[in-house]
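Participant: Spelled out, the chains give:
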Amino acid sequence: MTLLRLEPRGEASRAMVYATPLLAVALTLVSGFLLFWAMGFDPVKALHAFFIAPLMSVRGLGELAVKATPLVLCAIGLAIGFRANVWNIGAEGQLTLGAITGGGLALAFYGEGGWWLLPLMIVAGMAGGALWAAIPAFLRVRFNASEILTSLMLNYVALHLLNYLMHGPYRDPDGFAFPESRLFEADAVLPLLVAGTRVHLGSLFALLAVGLGWFLMARTFIGFQIKVIGLTPTAAGYAGFNQKKIIWLTLLLSGALAGLAGLGEVAGPIGQMNPTISPGYGYTAIIVAFLGRLHPVGILLAGFLMALSFIGGEAAQIALGLPKAITGVFQGMLLFFLLATDVLIRYRLRFGAKRAVVGRAAA
Amino acid sequence: MSAELALLGPILAAMLAAATPLLFAALGELVVEKSGVLNLGVEGMMLVGAVCGFAVAVQTGSSTLGFVAGAAAGAGMAALFGVLTLLLLANQVATGLALTLFGVGLSALIGQGFVGIPIADVPELYIPGLTDLPVIGKALFGQDALVYLALAAVPAVHWFLYATRKGLILRAVGENHAAAHALGYKVIRIRFLAVLFGGAMSGMGGAFLSLDYTPMWAEGISSGRGWIALALVVFATWKPGRVLLGAWLFGGVTIAQLHVQGLGIDIPSQLLSMLPYLATVIVLVVISRDVARIRLNAPASLGKVFHPDA
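Protein chains in written order, with the working numbering: chain A, 1 to 363; chain B, 1 to 310.
Derived from the structure by calculation, the hints contain no laboratory data.
No experiment lies behind these values; they were computed from the predicted model shown.
Even glycine gets a Cβ: it sits at the ideal position worked out from N, Cα and C.
Incorrect hints may have been included.
Under the rule of at most 25 Å between Cα atoms (straight-line distance), these lysine-lysine pairs were calculated in the DSS-like manner [to be verified]:
id, chain 1, residue 1, chain 2, residue 2
1, B, Lys239, B, Lys166
2, A, Lys227, B, Lys304
3, B, Lys304, B, Lys166
4, A, Lys245, A, Lys227
5, A, Lys244, B, Lys304
6, A, Lys227, A, Lys244
Residues of chain B clear of chain A, computed beta-carbon distances all greater than 12 Å [said to hold, decoys possible]:
id, residue
7, Leu7
8, Leu12
9, Ala152
Model the full structure from these sequences, guided by the hints.
Facilitator: Pasting the structure below:
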């Protein structure tokens with residue numbers, strides 16, 4: 001490491017905090033260009049189909065909001081936890097549980113709904129997600145079990161639970177053997193916000209979550225405690241902050257938001273229960289949280305970018321026959337580049353051996 | 001011989017096979033964590049190892065080459081993690097998650113042309129006399145070579161960590177990287193090598209799945225085994241011998257889940273499929289509640305960023 005060295009900055013660079021996400025996006029695009037080229041596609045055409053074409057229509061923009069909604073909802077909750085070093089990796093499972101509980105109500109009251117059904121479903125969805133997140137919270141607080149592993153295991157459990165329900169109790173009694181529920185009735189579907197698109201009420205909830213998330217972190221004592229616990233747990237201990245309370249709070253909050261995201265999917269664009277509610281929103285939300293710098297406004301922007309990667313992946317699949325898996329590769333690359341360039345926030349890159357730098361400084 | 005007893009041999013054999021991918025991945029991760037690095041990307045490394053191993057085996061017709069390719073692919077993924085966390089000082093938790101997310105996508109991309117392609121099963125050992133022994137013969141002496149390789153890795157890792165000078169240095173780096181650095185040990189180089197070893201072992205675990213256990217390629221073939229391997233390291237309180245115990249336990253749960261229905265117990269298969277994950281949670285809880293033991297055994301520098309100038 002004599003060619004390239006990292007020299008600690010005295011103070012974290014504020015400029016780099018904002019610059020590195022942009023740098024990461026640029027590097028991802030360059031890598032995407034090379035990747036498409038290596039796979040034998042016209043890279044300009046492929047990047048256009050992936051990142052530009054979906055934005056050129058009202059319908060495309062609407063889809064962007066539809067896909068960004070669950071990502072932002074999940075990521076806001078995850079980010080608040082990450083700030084306190086509570087690593088909830090279980091948003092996917094919590095989202096699934098929200099769909100199971102909220103969507104279950106829609107099926108239970110099939111044919112006898114009313115205006116009250118949708119609000120009840122929303123509450124049930126949030127409660128379901130929070131309940132699922134309460135398990136790792138309890139196990140962490142009571143038994144010191146790593147919430148990373150327990151929340152992740154519960155993702156698989158939730159998926160198998162959904163699969164069971166779709167092959168049993170939730171299956172459309174009038175349908176064929178397909179693992180699909182009845183289509184939700186009008187009383188159980190989130191109202192559309194923009195004509196000609198699938199943008200639904202859930203998008204407003206996501207915006208609300210951004211606002212409330214910002215308020216919680218920037219303007220309340222709880223938010224302050226979360227930040228202190230995350231940065232210096234020992235100092236938080238001396239200050240008498242209750243770490244267990246924060247673990248409970250952040251997990252329940254992110255579970256409820258993920259549950260709302262799941263309910264929003266089944267009562268929104270999907271309109272029924274099926275075994276594939278999420279194309280990995282709960283996992284992608286982890287990237288959204290980091291890319292958004294764990295800040296609600298940043299998350300909103302990052303959510304749109306990641307939504308674009310989902311839509312672009314589908315569009316490129318249709319237009320150019322690109323494999324759908326490329327979406328995941330792009331998402332992973334973006335997070336890699338962000339983590340790699342983040343080094344610039346606290347360190348300067350120096351070329352050459354250490355002595356040469358000292359000499360230059362003296363001269 | 002009664003029917004139950006006749007079933008015991010195949011069940012034992014299946015359990016050993018089910019434990020093998022976990023054994024590879026968990027032993028690798030154990031060495032990584034002993035050096036003070038937490039790599040949560042095991043699942044991603046396993047998947048890329050599985051697909052690369054499968055692809056090479058299909059192209060070359062050699063499962064041995066496929067297995068080597070799986071190990072190399074796992075190590076390649078690990079190198080990415082090493083560059084980010086050790087050279088660029090990125091957060092290990094976030095980078096490990098990124099490695100898994102990237103591995104899920106990358107393996108699906110590489111594997112899209114290989115879905116549904118059949119592959120010849122890896123030949124099993126046959127030792128005249130021993131393999132023919134009733135009940136346990138096939139389980140103990142009739143497995144694939146890889147099963148034995150994984151088993152042999154347990155004492156090998158233990159010997160390396162606790163009986164060699166290099167193992168002592170690796171553990172010292174994991175306990176206190178500042179002190180090891182002050183003594184003149186190359187902390188970053190040692191950790192990088194440990195991370196590469198962990199990646200190769202995860203890749204082998206993945207290749208075992210696609211070449212031998214299943215044997216085929218399907219998206220997400222590892223289905224959480226990488227995460228279970230991570231839990232196994234905690235379960236084992238960072239001791240190789242107990243990794244073996246844990247792997248057998250989970251191999252047993254996996255196989256039991258398949259056999260419960262055969263015994264006529266009426267539980268939906270989707271609910272039975274939850275068992276290995278629930279077992280992991282329960283085992284984690286049982287182990288983690290003893291905070292003193294975890295603190296005593298966990299490498300003290302685990303997950304902490306090391307910068308020589310800082």
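Participant: With reference to the structure, classify each hint as holding or not holding.
Facilitator: Quick rundown of the hints versus the structure:
no.: 1; hint: Lys239/B - Lys166/B; result: holds (17 Å)
no.: 2; hint: Lys227/A - Lys304/B; result: holds (19 Å)
no.: 3; hint: Lys304/B - Lys166/B; result: holds (21 Å)
no.: 4; hint: Lys245/A - Lys227/A; result: holds (14 Å)
no.: 5; hint: Lys244/A - Lys304/B; result: holds (23 Å)
no.: 6; hint: Lys227/A - Lys244/A; result: holds (14 Å)
no.: 7; hint: Leu7; result: holds (26 Å)
no.: 8; hint: Leu12; result: holds (26 Å)
no.: 9; hint: Ala152; result: holds (28 Å)
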